[in-house]
Amino acid sequence: MKAADYYLDGPAPETPEPRQRQDRWGETRVVGRPLPRVDAYERVSGSAVYPSDVQLPGMLHAAILRSPHPHARVKRVETSRAEAMPGVRAVITHQTPGADIAWYTDREGATVGHLFEAHCRFEGEAVAAVAAESPYQARDALEAIEVEYEVLPFTSDYETALEPRAPAVRDGGNRASEPGVYERGDLAAGFNAAEVVVEETFRTPCELHTPLEPHGCVARWDGNRLTVWESTQGVYPVQSRVAQVLGLPLANVRVIGHYVGGGFGSKLRPGKYTVIAALLARQTGRPVRLFLSREETLLCAGNRPANRMRLKVGAKRDGTLTAIEFHGLGSGGAYSGSGTGILDWQVRDLYRCDNVRCTTENVYIHAGAQRPMRAPGHPQCSWALEQVMDELADRLELDPVELRLRNLASVSQGRGGIPYTSNGFRECLEEGARTFGWLAARSRARSEDDLARGVGMAGGLWIAGAGGPPSTAIVKYFADGSVNLNLGASDIGTGTKTVMAMVVAEELGVPLDRIQIEHADTATTQFATASGGSKTVPTDAPAVRAAALDCHNQLLDMAAEELAVAPSELKLDGDHVVAVGDPEKRVALREVSDFRRRQVVVGIGYRGPNPEGKATCPFAAQFCEVEVNRRTGEVRVLRFLGAHDSGRVMNRATYDNQVYGGIVMGIGLGLTERRVLDTGQTGKMCNLSWHDYKIPTALDVPADVTSLPIETEDVECNTVGAKGLGEPVTIPTAAAIANAVYNATGIRVWEAPLNATRLAELLAEREA
Amino acid sequence: MLPNFAYVRARTVEEALEHLGGEDTRVHAGGTDLLGCLRDRVFAADKVVSLRDVEGLTGIRRAADGGLVLGGLTTLAEVSRSSEVRGLYPGLAQAASAVASPQLRNQGTLAGNLCQRPRCWYFRGEFHCAKKGGAQCYAVGGQNRYHAVLGGGPCYIVHPSDTAPMLLALDAAVRIVGRAGERAIKLAEFFVLPEVELARENVLAPGEIVTEILLPPAPGLYSSYRKVRERGAWDFALASVALALRSIGGRVTQASVVLGGVAPAPWRAEAVERAIVGTTVDEKTARDAAAAAVEGAEPLEWNAYKLPLIRGIVEESLRRFHDYQPS
Ligand SMILES: Cc1cc2nc3c(=O)[nH]c(=O)nc-3n(C[C@H](O)[C@H](O)[C@H](O)COP(=O)(O)OP(=O)(O)OC[C@H]3O[C@@H](n4cnc5c(N)ncnc54)[C@H](O)[C@@H]3O)c2cc1C
Chain A
1 MKAADYYLDG PAPETPEPRQ RQDRWGETRV VGRPLPRVDA YERVSGSAVY PSDVQLPGML
61 HAAILRSPHP HARVKRVETS RAEAMPGVRA VITHQTPGAD IAWYTDREGA TVGHLFEAHC
121 RFEGEAVAAV AAESPYQARD ALEAIEVEYE VLPFTSDYET ALEPRAPAVR DGGNRASEPG
181 VYERGDLAAG FNAAEVVVEE TFRTPCELHT PLEPHGCVAR WDGNRLTVWE STQGVYPVQS
241 RVAQVLGLPL ANVRVIGHYV GGGFGSKLRP GKYTVIAALL ARQTGRPVRL FLSREETLLC
301 AGNRPANRMR LKVGAKRDGT LTAIEFHGLG SGGAYSGSGT GILDWQVRDL YRCDNVRCTT
361 ENVYIHAGAQ RPMRAPGHPQ CSWALEQVMD ELADRLELDP VELRLRNLAS VSQGRGGIPY
421 TSNGFRECLE EGARTFGWLA ARSRARSEDD LARGVGMAGG LWIAGAGGPP STAIVKYFAD
481 GSVNLNLGAS DIGTGTKTVM AMVVAEELGV PLDRIQIEHA DTATTQFATA SGGSKTVPTD
541 APAVRAAALD CHNQLLDMAA EELAVAPSEL KLDGDHVVAV GDPEKRVALR EVSDFRRRQV
601 VVGIGYRGPN PEGKATCPFA AQFCEVEVNR RTGEVRVLRF LGAHDSGRVM NRATYDNQVY
661 GGIVMGIGLG LTERRVLDTG QTGKMCNLSW HDYKIPTALD VPADVTSLPI ETEDVECNTV
721 GAKGLGEPVT IPTAAAIANA VYNATGIRVW EAPLNATRLA ELLAEREA
Chain B
1 MLPNFAYVRA RTVEEALEHL GGEDTRVHAG GTDLLGCLRD RVFAADKVVS LRDVEGLTGI
61 RRAADGGLVL GGLTTLAEVS RSSEVRGLYP GLAQAASAVA SPQLRNQGTL AGNLCQRPRC
121 WYFRGEFHCA KKGGAQCYAV GGQNRYHAVL GGGPCYIVHP SDTAPMLLAL DAAVRIVGRA
181 GERAIKLAEF FVLPEVELAR ENVLAPGEIV TEILLPPAPG LYSSYRKVRE RGAWDFALAS
241 VALALRSIGG RVTQASVVLG GVAPAPWRAE AVERAIVGTT VDEKTARDAA AAAVEGAEPL
301 EWNAYKLPLI RGIVEESLRR FHDYQPS
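For the record, the sequence lines run as chains A and B. Reminder that position 621 of the first sequence reads as 621 in the numbering used here, one-by-one numbering, no gaps. Reminder that position 145 of the second sequence reads as 145 in the numbering used here, one-by-one numbering, no gaps.
No wet-lab data here; the hints were simulated from the structure. Relax, there's no trap hidden among the hints.
Quick partial rundown of chain A residues pointing at chain B, CB under 8 Å, derived from the structure: (1) Y136; (2) T632; (3) Q681; (4) K694; (5) L699; (6) T757.
A short list of chain A residues far from chain B (calculated; beta carbon distances all over 12 Å): (7) W103; (8) T111; (9) E163; (10) R165; (11) Q244; (12) V245; (13) G262; (14) D318; (15) E402; (16) E716.
Glycine included, each C-beta is placed from N, C-alpha and C at the ideal position.
If we strip away everything but chain A, and leave its shape as in the complex, we get:
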């Protein structure tokens, strides 16, 4: 199974010649250290130019008119009043020549919806757009567009979407695809062999990405060449979609995305806004800025689907799992069949079990389409699986860590039993528990006062995180020993630029402040896939390393001639080349005549293929302590520990940042976040703001968070030995909290988020 959204199909480029030494790093000098970000000053001082900061001479401001109804037909759009308003330069609708663009396709590739849809299937569907001299004029003009809607019945509850009376979202009904079925072994026999069976139904809410920088772009035409400054996780996916939709050669579409103020998966691809900005810019002959409002980012820029999961697990007295049955239901909205994408993966892969059956069902509802959100499917599955494991441990009177240790998988069962290139799950569990002080905290007597303390843990793995080809990087070594690193990858806030510069510094001995980085620009930098799937480091760092080594080898070749010593006998020593056995034989690079003649040495690196027949996955275990108010059900997270096997730690500071950030997001899923639709009345979204859609604040996150890297040595996954990190860090968090709450109170909460709005009643019921 493949997280299809993250990968482009196509052949991998040639791997570099083996003459490039690519043995694994032993002691590293730079890689692994907690170095500050190379762009820290720009980010902190405000001098970094994010796409939403881009100001161009003559730039117009655009806005999109959206359907206020979850299901409606546009019967008439009247734009003349808007067009006549001061400052308005263009108004476009589906009737505008050139704007009648196919946008949504079904699995067969047939068009099922357009850029401006006359049949609106979710609140927030684009109906028209305006470009004006100021953002205010643009918004005013939207209000002057008259739209006559025929309001139609809608379906907004995914759990009842398959009932016969539910209004159909699509012509074929609300079933988005045939149920997905995965099976291995003999489920019935497995449950027959079980001595304990736990079965429960779980629910997780629809979560929103809500990045700080809204989605959007600035678009400018120069003749038939389009430049787009887009807030994106990947400039190349934006380029290819825009070129395809507008019928332009790829070479005519330049996409630049030097900075991006958060994406979390919602900016892996362009939005309608990108194409609309380009159309308005073409029509007006002016640059156009189109960024969504905060409300639009909440309403229609993607989400993590809500899921209902039924999980049944059987085990022997000694804890050995004998059977797992999983059923998942979800909706990707009106235009995505991916409401349960990779939802069941951990059931298939995390714990050893011979008899497994997973079914997933996908339905359409009248709501905005999902977009991959940090570890799609996985935190939801973890909420179910890890609570069941906890419950099982309880019934078997086993320690939860011990139960997991008894069920470690030695191979990737979900992939037919192939080995992992490395697997540090055991160490995550054992060393995590040790460092957290798990056993002591577990055995502490439960206090009887108002505030109950408890500890909980959960394990996890992330399906992807191997990365893979294609990726190309270029290192330019200048005559003064300074370096230019050129790669297409975006830095989505994870520290990509810093890590890649450190790889160059490691190989070439150049200090970080002498490395300049060009990245995320389809015109000037090399091909890279979008930054998502926790794959940027494992994908691009090996390409960067190969480029640095290519450069390194060329420099040695040149010096070899100068010193009359074989290149294999030479090594780089700062800006000098020295003979290994004879330190007398050394030459400054700037004195090497061949180098002086050329002035610049260019190294090219490609990402080679992943090992065949093996799987590469990051593993995780998280531990936490909570305090629950027995009267009110208020939950306070006191401390957290994340033990993560993501292979080599490339930069301890950016590594720890990912762990902290992932836990913060997981706390949101566990405790505070949920999208609320006005199901049954209007189908509109209720909590369309940051105080009603509740992401955790600083006060909801413990000061005491420990990042414990489990640095397994992975010599096979790729040439730097790093696996993905950005997503596994948020997978087990919510389940660990739920388990800790159970430990504190004896109450299980099967539905997220878990807070006083649920616990107060459950605690009171138990009292009664």
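Given chain A, put chain B with the ligand in place with the hints provided.
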């Protein structure tokens, strides 16, 4: 985006009142609530009259009777930091510091906090609800997790203010100035339920200004404010309770218990008051009194959790009071 409106910065109360004649003129104090309402088109404004430059509307001073006078434009941050408030009415300092976030407390004012509009998402959102002149209260059959369990109907908002329940418990009054003159009324008469006034939450006539909040003297007064929210900051009360008690030798002689976040107006829990007056508020009294707090509550589909929540915080607050008593 904000619609267009005229903006005036008045220098005196008289000047402000002059501008505040029309239907859609609005008082602007800190603007933290007003501007959000305008941006979300909850109501319209053709003129916004700022009180920020009006002399004499800020600050905290002792009244002749020993109570306190708080200028209506005093920020919530000042209220929460004031040593006089902390000394005499610690519950009010607690309530003020439980509001929103530091930024909002620096900008938002005490009068603004009392006069802010409700946070019901149907009222704030694109729903033509009863409170805005529409036919129905969407909360009744809709997403009512944050709505009223007491005093609701025909509209089920909860009053959003944290300071209001505390000030009501403290028996505070507000001084109101309008073109017709000036009056001081008790907060008990200030807030109104939707069954009386559907469109507004208090008795202020259009164009009237709250200039001062008046607190009666505090000798022997115990006060506390306890709030429950879903997240640690930037969140309104799921439920809250304000206590103002007087006692002699540990025995309660006078009690005022007001609930927030559960009714369209700060909600006096008289049954709780009756249950504790004359007692030392031992464990059983506290529990029984807490149970009485939700008498008559009528939860909607999704907000029944508020009942145990109210009981929980009332009991907890009474126990705190009990433990606090010097034995
Ligand atoms: C994100 C967010 C979270 C919040 N969380 C909380 C919370 O947890 N608890 C809480 O209590 N509040 C909360 N609030 C509300 C906040 O406390 C109020 O917005 C603030 O107190 C209002 O004060 P202001 O001076 O800014 O009022 P303004 O916004 O200027 O005015 C508010 C309203 O009162 C009227 N008004 C203001 N002053 C006067 C006056 N002197 N006389 C007559 N009418 C007047 C205005 O016309 C307007 O209708 C929150 C607000 C936001 C935006």
